[in-house]
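Participant: Chains W and E are the protein sequences, given in the same order. Residues in the first sequence are numbered consecutively from 18, following the working numbering. Residues in the second sequence are numbered consecutively from 19, following the working numbering.
Simulated from the structure, these hints should not be mistaken for lab results. All C-beta atoms in this analysis are idealised placements derived from N, C-alpha and C, irrespective of residue type, glycine included. Hints should not be assumed to be uniformly reliable.
[As the list claims (entries may be wrong)] Lysine to aspartate or glutamate pairs mimicking EDC-like chemistry, simulated, CA-CA at most 20 Å apart:
1) W/K311 <-> W/D294
2) W/K220 <-> W/D294
3) E/K133 <-> W/E174
4) W/K185 <-> E/D147
[As the list claims (entries may be wrong)] Between beta-carbon pairs, the in silico distance windows are:
5) E/A229 <-> W/A170: 53 to 59 Å
6) E/R383 <-> W/P117: 33 to 39 Å
7) E/P135 <-> W/E115: 26 to 32 Å
8) W/K253 <-> E/K356: 48 to 54 Å
9) W/D99 <-> E/G46: 43 to 49 Å
10) E/R40 <-> W/A170: 25 to 31 Å
11) E/T382 <-> W/P268: 58 to 64 Å
12) W/A170 <-> E/K26: 33 to 39 Å
13) E/A386 <-> W/H116: 51 to 57 Å
For reference, the chains in residue letters:
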Amino acid sequence: MSAPFKTAGLLKDLMAQYYAKGEENRKLGIPVAWVTAVFPVEIIYAMDIFPYYPENFGALAAARKVADKLSEYGEQQGYYNDLCGYARCGIGDTYADEHPVGKILPPDLLVCCNTQCGSLPKWFEAAGRYHQAPYFLLDSPLIEGEVSSLGKAYFVEQLWEMVDFLEKTTGNKFDLNRLTEVLKLASEATRLWNDCLDMAALKPAPFGFFDACFHMAPIVTWRGTQVAVDYYKALKEELDERVAKGVTAIPNERFKIYFDHIPVWPRLRWFSDLFADHDALVVASQYTHSWAHKFDLSRPMESLAEVYTEQFVNRGFEYRIKLKMEFMERYNCDGFVLFSNRSCKPNSFGLYDKRQVIAERTGKPGVVFEADMSDQRFFSAGQIQTRLEAFFEQLEQNSRRGKT
Amino acid sequence: MVIDDLLKRFNDVVADPYAEARKRREGGQKVIGWLPTDVPEELIHAAGAFPVGILGTNEPIHLADAHLQSWACSLMRGCLEQGLKGTLDFLNGIIIPHTCDTTRMLVGIWRHALKTPYIDNYLMPRQVDRPSARTYLKGELARLKSNLEECTGQLVTDKALRESIKIYNANRLAMRRLYEFHGTNTGVISSRALYTVIKAAMFMDKAEHTALVEELLQEIGKVEPRNDERIRLTLSGGVWEPPEILEMIEELGGVVVADDLLTGARYLGPDVDTTGDLLDALAYRQLNRIPFGGFDSTIRGRSTFLVELVRGARAQGMVFLHLKFCEPENYDYRDMRKAMTEAGIPSIRLETEYANTSLGQLRTRLQAFMEMMGGNGS
Ligand code: SF4
Ligand code: SF4
Chain W
18 MSAPFKTAGL LKDLMAQYYA KGEENRKLGI PVAWVTAVFP VEIIYAMDIF
68 PYYPENFGAL AAARKVADKL SEYGEQQGYY NDLCGYARCG IGDTYADEHP
118 VGKILPPDLL VCCNTQCGSL PKWFEAAGRY HQAPYFLLDS PLIEGEVSSL
168 GKAYFVEQLW EMVDFLEKTT GNKFDLNRLT EVLKLASEAT RLWNDCLDMA
218 ALKPAPFGFF DACFHMAPIV TWRGTQVAVD YYKALKEELD ERVAKGVTAI
268 PNERFKIYFD HIPVWPRLRW FSDLFADHDA LVVASQYTHS WAHKFDLSRP
318 MESLAEVYTE QFVNRGFEYR IKLKMEFMER YNCDGFVLFS NRSCKPNSFG
368 LYDKRQVIAE RTGKPGVVFE ADMSDQRFFS AGQIQTRLEA FFEQLEQNSR
418 RGKT
Chain E
19 MVIDDLLKRF NDVVADPYAE ARKRREGGQK VIGWLPTDVP EELIHAAGAF
69 PVGILGTNEP IHLADAHLQS WACSLMRGCL EQGLKGTLDF LNGIIIPHTC
119 DTTRMLVGIW RHALKTPYID NYLMPRQVDR PSARTYLKGE LARLKSNLEE
169 CTGQLVTDKA LRESIKIYNA NRLAMRRLYE FHGTNTGVIS SRALYTVIKA
219 AMFMDKAEHT ALVEELLQEI GKVEPRNDER IRLTLSGGVW EPPEILEMIE
269 ELGGVVVADD LLTGARYLGP DVDTTGDLLD ALAYRQLNRI PFGGFDSTIR
319 GRSTFLVELV RGARAQGMVF LHLKFCEPEN YDYRDMRKAM TEAGIPSIRL
369 ETEYANTSLG QLRTRLQAFM EMMGGNGS
C-alpha cells in the first residue's frame, strides 16, 4: 500500500464520528435505519433518518481480523459458516459477549435492497425478528440482458411504497425538494470519488485499488451529505499533490492489474505487498466503482431506480464480462485477478467461465483464487501464493515478449 | 396387488425421469425443462411444449466443478452436471427461476457452457405482501409467455391456457387428496410412496398422472384403516434427498405426515382461478404459496406457518432436511428451530447432499432423535 495519506487521519475521525452518531442521534429522536450498501440512501437522508450500514461493520471486523471470532458466536446459535461473512459478523456480534469492534447498532427499522444479493434480505429479516423492528425489502429483479421497463416501473412503485413505509414507521415526512438537494450532493461526491479512482490510470499511479478500498468508506456511508463531498475534495487535492511531487503507490510500477471484486480484508496488506513485490499495482475493480453514478435531478425517483437497479451486481453474465474488460482497457491493465469469495455467491459463481472468456477475448493472463473476504479459516496462503506466482510469471513472459 | 402395481408405475417414472420427455421430443413435441422451484408449468403446457422438472442427480458430480464452485448446493451442481454430461440434450429450452443467488448466477453459466436452444429466467418478486409484487409478476409472466411462444412457435391463447390450468388444477387436487389421505391413514402407503407420486408428477404427462393417482385413491380407499402407533413427523426444507431418508424414518418408527418441501407440499397448492384474468390468477398462486426461505411473507412469517403445520397435522416432531450450502435455509434455520422449541415441538436438522450423504451417519442421528421422542428407535 502507498505511503500514509494525510486524509487517512480525517477519514479516521469521520468514521469515529459516524459510529458515535448512531446512539447520539437516537437520543435526539432521530430514528436509526439499517440500510444496505447499494441502496437509495438518498431517500433516507432526505427524510432525516440515520442510515446505518451493517455491511460496513462486517468489513471493519474483517479488516481487524476478528471476523472468525464474531462468526463463531453466530455459528453457536445455528447460523452456518457457509453464509456471507458480513452477515455472520453482524449476527454473531448481537449474540457475542465481547465486542472487539464496538457493538453493532440496533435498528429502529430495516430497509434492504437486494440489488447486491439474496444474503442481505435474509440477514435483515433475521435481524428484524431479533430486534423486533419493522423490515422493508426493495426488490430489484435481475437484469439478465437488456434493461427492461418492467423492472424499472416495479422499482419506482416500490420506492413510493417505501416512502410510505418510512413515513408511517418514523413519522418523518418525505419532501421531493429535499431529496433533490441530497441527490445533488450524492452526485457531486460520486463524481469526485471517480476522479480519484481515475488517477490510478496514470503510470505510475499515485494510488491503487487497495488504497481505494480504504478511502471508500465515506462514499458508502456519507453519500448524499456535504461531508462526503468535502472528504473527496481533500483526497483529490492530496492525490494531485502526490502526482506533482512524484509520490507513487508502489516503488516500481511495471504492471497494472484488474482485481475482482472485494479485498480479502484481513489480508489486505499481505496482498498489496505480494503485488508490489512483483511490481504490480492493482488499479481497478468493479467493487470500488459501485458508486460511479450520476443522478438526473429532473426525475429523481426514476433516476434512483436506474442507478440502483442497473448496477453491475444486478446484471447478467455477459454484461459483467464486458464491464471487467472495459475497466481493463480504461486502466490499461496487463492482467486480471478474480477472487472467488466463499462469502459472496453472486460475485463468485460464474467466475471460472468468465476467466476463460476474458482471457480469450483480451489475450491477457488472468487467474481465479479461492478465499473468504472475512474469515481466515478459509484462507490458504500457500495455495494462493502459488497461483499468483504463476500469474506474475505470465505477466513477465508477456512483457518480455512485448519487448523483443 | 393393484396398489403395488400402481406404485411401481410411479417408481419407474422417478427411476428414469426423462423417459417421457425424450419420447415427446422424438415425437416432435418441444420439451422445456425447469429447475426448482415455482416455474409456472401451465404456461409451458399451454404453449404446446412438454414441461419437465430437472431435479438434480445422485450420481457423482465431476464436470460441473469446472464451472460452479464446490460450495454451491448439490442440487444446482447436479442439474448443471446433467446438462454438461449430455443427459439433458433432449431439451428445447430451460427455465431457471430466481430462487436464490445460486440459481440467479446459474443462468449465465448455463448460457455460456451449454447449448440449450432457449434459456430463460423466471424472475419472481422476492416480496409477496405489497401490491407492487402482483403488478410486476403479471408483467413477468407475460414476458415469459411471449418468450415461450417464440420458442414453440405456438401462441398461448386464453382458451389453451385455461385448459392447461384446469389440467394442472385437477392434478393438484388429486395429489392433495392423496396427501390428506396419507396424513389420516398413515399405514396404507409408505411416506416414500407418497412423495414418489408427487415427484413423478414433475416428469409425467399430467392427465395420465392424474388418472393414475385417482385410481390409486380408489384402491387405497378400499383398504381397512388401521391403527398406526408410529411417531408422526413433519419435514421442512428443500428436497427429500437422498430418498432413503424417508425409508429410514419409517424403519425407525416414524411416519411423515406433512411438509413444506419443494418436491412436496409446495408443489401442490394453491390452485389457479380459471374465471378471470389468467396471468393474474397465476400471479396469485405464486404470491400465495406456502412460505419458503426465498420469499418469506413479512406479515405471516414462516415460523408461525411451520408451527401451525405441525399442529394441524397432529405431528409430534419436525425434521429439517437442509441441503448443504443452501443459503435461504441456513439463514432461516435458527429462528425456525427456536419457534419449534418455544412451541414444545422437538426438532432435528439433517444436512444432506445429493450424491454424497453418509446414510450411516444420518441414521445414527435420526435414531437418537426418535429414541428421544419415545419411539422404538430400532
Ligand atoms: S459480500 Fe456478497 S453476499 Fe455478502 S452482503 Fe456483500 S454482496 Fe451480499
Ligand atoms: S434455494 Fe437452496 S437448494 Fe435451492 S438452489 Fe438455492 S441454495 Fe440450492
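Participant: Confirm or reject each hint.
Facilitator: Hint check:
no. : hint                          : in the structure
1   : W/K311 <-> W/D294             : violated (37 Å)
2   : W/K220 <-> W/D294             : holds (17 Å)
3   : E/K133 <-> W/E174             : violated (37 Å)
4   : W/K185 <-> E/D147             : holds (17 Å)
5   : E/A229 <-> W/A170: 53 to 59 Å : violated (43 Å)
6   : E/R383 <-> W/P117: 33 to 39 Å : holds (35 Å)
7   : E/P135 <-> W/E115: 26 to 32 Å : violated (57 Å)
8   : W/K253 <-> E/K356: 48 to 54 Å : holds (50 Å)
9   : W/D99 <-> E/G46: 43 to 49 Å   : holds (45 Å)
10  : E/R40 <-> W/A170: 25 to 31 Å  : violated (41 Å)
11  : E/T382 <-> W/P268: 58 to 64 Å : holds (59 Å)
12  : W/A170 <-> E/K26: 33 to 39 Å  : violated (51 Å)
13  : E/A386 <-> W/H116: 51 to 57 Å : violated (36 Å)
The structure does not agree with the numbered hints 1, 3, 5, 7, 10, 12, 13 stated previously, though it agrees with the rest.
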